[in-house]
Amino acid sequence: MNDQVGGNQKRARFQALCQSLRPDLLRFAFWLSRDRALAEDVVQETMLRAWKAQDTLADEAAAKPWFLTIIRREYARTFERKRFVTVDVDELVAREEPMLAAAEEQDLAEMRAALFKLPDEYREPLVLQVLMGLSTAEIARELDLSGAAVLTRLFRARKQLRVLCGEDTGLDPEE
Amino acid sequence: MMDCNAYRRAMMADPRDADPRLREHRESCHDCNLFTERLLKFESRLDRALHVAVPADNVLPLRAEATPALRLPNRRGWLAMAASVLMAVVVAGVLWVAGPGSSLAADVVTHMGGEPDAWSTRTPVLDSELEAVLRDTHLRLSEGAGPVSYAASCEFRGHHVPHLVIQTESGPVTVMVLVHENVPKPVRFEEGGYRGVIVPVAGHGSLAVLTRGSSTDIKAVEAIAARVQGSITWTGS
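From first to last, the protein sequence lines stand for chains A and B.
Those letters in the first sequence? Residues 99 to 273, by the working numbering.
Those letters in the second sequence? Residues 2 to 238, by the working numbering.
Quick caveat, the hints were computed from the structure, so don't treat them as lab data.
Any given hint could turn out to be false.
[Said to hold, decoys possible] Per label pair, the in silico range of CB-to-CB distance:
id : chain 1 : residue 1 : chain 2 : residue 2 : range
1  : B       : Cys5      : A       : Asp242    : 30 to 38 Å
2  : B       : Gly115    : A       : Arg171    : 39 to 47 Å
3  : A       : Asp188    : B       : His181    : 47 to 55 Å
4  : A       : Thr267    : B       : Gly114    : 20 to 28 Å
5  : A       : Ser233    : B       : Glu223    : 44 to 52 Å
[Unchecked claim] Here are the computed lysine-lysine pairs in the BS3-like style, where the Cα-Cα straight-line distance is at most 30 Å:
id : chain 1 : residue 1 : chain 2 : residue 2
6  : A       : Lys108    : B       : Lys220
7  : B       : Lys42     : A       : Lys215
8  : A       : Lys162    : A       : Lys108
9  : A       : Lys257    : B       : Lys42
10 : A       : Lys150    : A       : Lys108
11 : A       : Lys162    : A       : Lys215
12 : B       : Lys220    : B       : Lys186
13 : A       : Lys257    : A       : Lys215
14 : A       : Lys150    : A       : Lys162
15 : B       : Lys42     : A       : Lys162
16 : A       : Lys257    : A       : Lys162
17 : B       : Lys220    : A       : Lys162
18 : A       : Lys150    : B       : Lys220
Predicted model, so just to flag it, every value in this text is computed and none were measured.
We treat Cβ as the ideally placed atom computed from N, Cα and C, and that holds for glycine.
Based on the sequences and whatever the hints tell you, model everything.
Below, the structure written as structure tokens:
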């Protein structure tokens, strides 16, 4: 009886954890894939895998990187299955216009379109840092890179993004 | 001594980097200070741009054996997403308290937009700085609230109020001590990329506590608000 109550409580806690993280996980998957439908599929599969593997999450404080790892693996699996060949960024931007548009602020829509144009290797660490709040060390662990490599990618990501957004880059540092 | 190029490279890699050498350089270099201001505005825009709207679905059932039911139809149409967003708005309208507090929440959120750099530092402020900010509001804050990484006295609705950023287990949270603003009961809000709560403080107005984004559960925000409230000692009326 007590075991059943404990199990239910544990599952309820895990469910609450999933639901609290889900919005940002969906956003992460969207920026990773640049495809809203694919992002939903990936997060859905991630939640299922997480649900089945919840006993392997020893510390709830580490839930975010744990989910991110599952999402990245799931995305890679999807990518392998579908064998995407080429990506036309303008087509992607047009297709995802409803997601990218922010009617109230044109500059946000421009920023989102610019993010779509960033190479994957720059966009992903940037999203992990800004959206998911990961530290440089956490990003390095997630992407299997050195800290210095992460910082270089983050620097280049912002540098390219600022140019794409038409920012005044007169004070920006040299490469 | 760090040079300008190294400073700007470091900031463009991580604008939240609280390395004291960066702060020292910024304070001594006019151009780098200007560069930082512009970069932080850009960063705030980037942060908002990344927070795209997402559908509000309940994904996981409580019982593990029900997991097959989780498999929603894939590639749902945009209409379905719009419907779920609409549903979320309706539900939110029912669940989230409206009324006088709502416009107060909107003003708090608007105030956040004016100080995006408040979130970016993690270095605790000096005790003397914190005391100076809190003195006019006649309160002291004990260490139980958590490390305070930003403290300023801000103009808000015609009064100067303490605006603090406290580092917590859920990341940085902003606290505004609103002794001139009374709310009859706790007000939850979620707008403009912020999630928070305004709680009444008997005899001392209210306290606004908010986080960026929506990754922190509202109950966690409320727990932080309660902890901060419990860490306040009022030293006068």
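Results of checking the hints against the structure:
no.	hint	verdict
1	Cys5(B) to Asp242(A): 30 to 38 Å	holds (33 Å)
2	Gly115(B) to Arg171(A): 39 to 47 Å	holds (41 Å)
3	Asp188(A) to His181(B): 47 to 55 Å	holds (52 Å)
4	Thr267(A) to Gly114(B): 20 to 28 Å	holds (24 Å)
5	Ser233(A) to Glu223(B): 44 to 52 Å	violated (26 Å)
6	Lys108(A) to Lys220(B)	holds (17 Å)
7	Lys42(B) to Lys215(A)	holds (21 Å)
8	Lys162(A) to Lys108(A)	holds (18 Å)
9	Lys257(A) to Lys42(B)	holds (15 Å)
10	Lys150(A) to Lys108(A)	holds (13 Å)
11	Lys162(A) to Lys215(A)	holds (26 Å)
12	Lys220(B) to Lys186(B)	holds (15 Å)
13	Lys257(A) to Lys215(A)	holds (13 Å)
14	Lys150(A) to Lys162(A)	holds (16 Å)
15	Lys42(B) to Lys162(A)	holds (27 Å)
16	Lys257(A) to Lys162(A)	holds (27 Å)
17	Lys220(B) to Lys162(A)	holds (18 Å)
18	Lys150(A) to Lys220(B)	holds (26 Å)
When the structure is compared with the earlier hints, a violation turns up for hint 5 alone.
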